[in-house]
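Peer 1: This is what each chain is made of:
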Amino acid sequence: MESEVFGASSSAVVVAHELKGPLSLSRQLALSLEFEDSLAGAREIGRQIATTSERALRQVEDLTRVARLDDALFEMEPVNPRIVCDEVVAELWRMFRFNRRELKIDYRNKRRLVVANRQLLHSVVYNFCLNAMNYGGEELPSLVTIYDRQGKIRIDVRDYGPAVPTKVWREIKNGFVKKPVDIAMRPGSSGLGLYIAAKFANYMHGGFGLVRHRDGTSFYIDLPVSGQLSLV
Amino acid sequence: MIYVIEDDRGWEDYYRRILKSYDLEFFHDGVAAIAAMDEVVPDLVILDILLTGPTGFAVLNEMRSYPELAKVPVLIVTSVTIRDVLARQYGVVGILDKGKMMPQELLEAVQEALA
Chain B
1 MESEVFGASS
11 SAVVVAHELK
21 GPLSLSRQLA
31 LSLEFEDSLA
41 GAREIGRQIA
51 TTSERALRQV
61 EDLTRVARLD
71 DALFEMEPVN
81 PRIVCDEVVA
91 ELWRMFRFNR
101 RELKIDYRNK
111 RRLVVANRQL
121 LHSVVYNFCL
131 NAMNYGGEEL
141 PSLVTIYDRQ
151 GKIRIDVRDY
161 GPAVPTKVWR
171 EIKNGFVKKP
181 VDIAMRPGSS
191 GLGLYIAAKF
201 ANYMHGGFGL
211 VRHRDGTSFY
221 IDLPVSGQLS
231 LV
Chain L
233 MIYVIEDDRG
243 WEDYYRRILK
253 SYDLEFFHDG
263 VAAIAAMDEV
273 VPDLVILDIL
283 LTGPTGFAVL
293 NEMRSYPELA
303 KVPVLIVTSV
313 TIRDVLARQY
323 GVVGILDKGK
333 MMPQELLEAV
343 QEALA
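Chains as they are written, first to last, in my numbering: chain B, 1 to 232; chain L, 233 to 347.
Just so you know, the hints here were simulated from the structure itself, not pulled from any lab data. Here the structure is a predicted model, which is why all the values come from computation and not from measurement. Note that beta-carbon positions come from the ideal geometry of N, C-alpha and C, so glycine has one too. Treat the hints with care, since some could be wrong.
[To be verified] So, partial list: chain B residues that the calculated Cβ filter (under 10 Å) puts toward chain L:
| # | residue |
| --- | --- |
| 1 | L25 |
| 2 | S32 |
| 3 | G46 |
| 4 | Q48 |
| 5 | E54 |
| 6 | G161 |
| 7 | T166 |
| 8 | W169 |
| 9 | R170 |
| 10 | P224 |
[Said to hold, decoys possible] Output of the computed footprint for chain B on chain L, the stretches with three or more beta carbons under 8 Å from beta carbons of chain B:
| # | region |
| --- | --- |
| 11 | 236-246 |
| 12 | 271-278 |
| 13 | 297-310 |
[Stated by the list, open to error] Pairs of lysine-lysine residues, derived as DSSO-like cross-links and limited to a Cα-Cα distance of at most 30 Å, are as follows:
| # | chain 1 | residue 1 | chain 2 | residue 2 |
| --- | --- | --- | --- | --- |
| 14 | B | K110 | L | K332 |
| 15 | L | K332 | L | K252 |
| 16 | B | K110 | L | K252 |
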């Protein structure tokens, strides 16, 4: 899979390391049940194990999808981005809570539907949010924003991490993301989540990019507006 | 007082559970931890290596450059593979692999470091 997906052997190490994090935590949490006295505490550990395992599973699913993009299995359709973002936030709120973070959403778009693949768009927003969770502000919530921009709909997710180097910013801007290490630009980041998001965005003919702020970064995807009216 | 320098907050509850009889202070990056050491010198530092911001080795270097922090025992708990030789250079009291360690090993390593 490694050569098909990334074309670089070092990327297998990136994937292995990225998966080792949640798997190690799941194992340790399971082992720590012996140290928990209360039933409520044990239930909480169970929920954290489930949430952490789901994160690893989703990464595996996403990598499988990256490998199958060339098979053109993912049809484009009119998708309501608000619904997709709501689903992601609902899926991730518990993980954010376990990580003592907060995830919020802000709708500013007037146009309702984009042309996208629902599964892939879900993964793009999910990976943006995970990135934002890793680089959250101490007191500031990570924010998903949907808005209209130059005839397209932009979904961006704001983080509060270290500055993105100019070289990496240019590579992302010019679409030169070939493997995770291309965007492993910040300490503690393998670049895998953003690599997946970039691949999916490219498949959907969406613009993938980032905006640098004084105290962090917003990663975004721009998607074409669908001509169909939303019935939702 | 034990300082735990770990940027993945998902580990906090785990540490609190296993080391519940100890006074723990959490830091999510090395810069904040080093700054806090100006106020309170910890009895032990539990240190991850891949951190947001300076790496664990940068934190170790910084600590070892101050006489009052040079002797503070440091226990590395990380997902990355670290050679014992390298760790000995930095004078760490132990290295635990997040993927392989048992909670009891963590507890015993802490007890030993503080003995």
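Peer 1: Next, verify each hint and record whether it holds.
Peer 2: Hint check results:
1. With a cut of 10 Å, the hint placing L25(B) at the interface with chain L holds, because the nearest CB-to-CB distance is about 5 Å.
2. Against a cut-off of 10 Å between C-beta atoms, the interface hint on S32(B) holds, since the closest Cβ of chain L lies about 5 Å away.
3. Because the closest C-beta pair between G46(B) and chain L is about 12 Å apart, greater than 10 Å, the hint is violated.
4. The restraint placing Q48(B) at the interface with chain L holds, with a minimum CB-CB distance near 7 Å, inside the 10 Å limit.
5. Taken as an interface hint, E54(B) does not check out: its beta carbon lies about 13 Å from the nearest beta carbon of chain L, beyond 10 Å.
6. Nearest Cβ of chain L to the Cβ of G161(B): about 7 Å, under the 10 Å cut. The hint holds.
7. Taken as an interface hint, T166(B) does not check out: its beta carbon lies about 19 Å from the nearest beta carbon of chain L, beyond 10 Å.
8. A hinted interface residue such as W169(B) counts as satisfied when its beta carbon comes closer than 10 Å to some beta carbon of chain L; here the least separation is about 19 Å, so the hint is violated.
9. Of the supplied interface hints, the one on R170(B) is violated, with its beta-carbon coming no nearer than about 23 Å to a beta-carbon of chain L, more than 10 Å.
10. With 10 Å as the threshold, the beta carbon of P224(B) stays out of range of chain L, its nearest partner Cβ sitting at about 35 Å, so the hint is violated.
11. Only residues whose C-beta sits within less than 8 Å of a C-beta in chain B count toward coverage, and the region 236-246 of chain L has 8 of them, enough to reach three; the restraint holds.
12. Using a Cβ-Cβ cut-off of 8 Å, 0 residues of the region 271-278 of chain L lie near chain B, which falls short of the minimum of three, so the contact claim is violated.
13. Only residues whose beta carbon comes within less than 8 Å of a beta carbon in chain B count, and the region 297-310 of chain L has 0; fewer than three means the coverage is violated.
14. For the proposed pair K110(B) and K332(L), the alpha carbon gap of about 51 Å is over 30 Å, so the pair is violated.
15. Distance restraint check for K332(L) and K252(L): the Cα-Cα separation of roughly 21 Å lies within the 30 Å cut-off, and the hinted pair is therefore satisfied.
16. Restraint check for K110(B) and K252(L): the C-alpha separation of about 51 Å exceeds 30 Å, so the hint is violated.
Hint check: violations occur at hints 3, 5, 7, 8, 9, 10, 12, 13, 14, 16; the rest are consistent with the structure.
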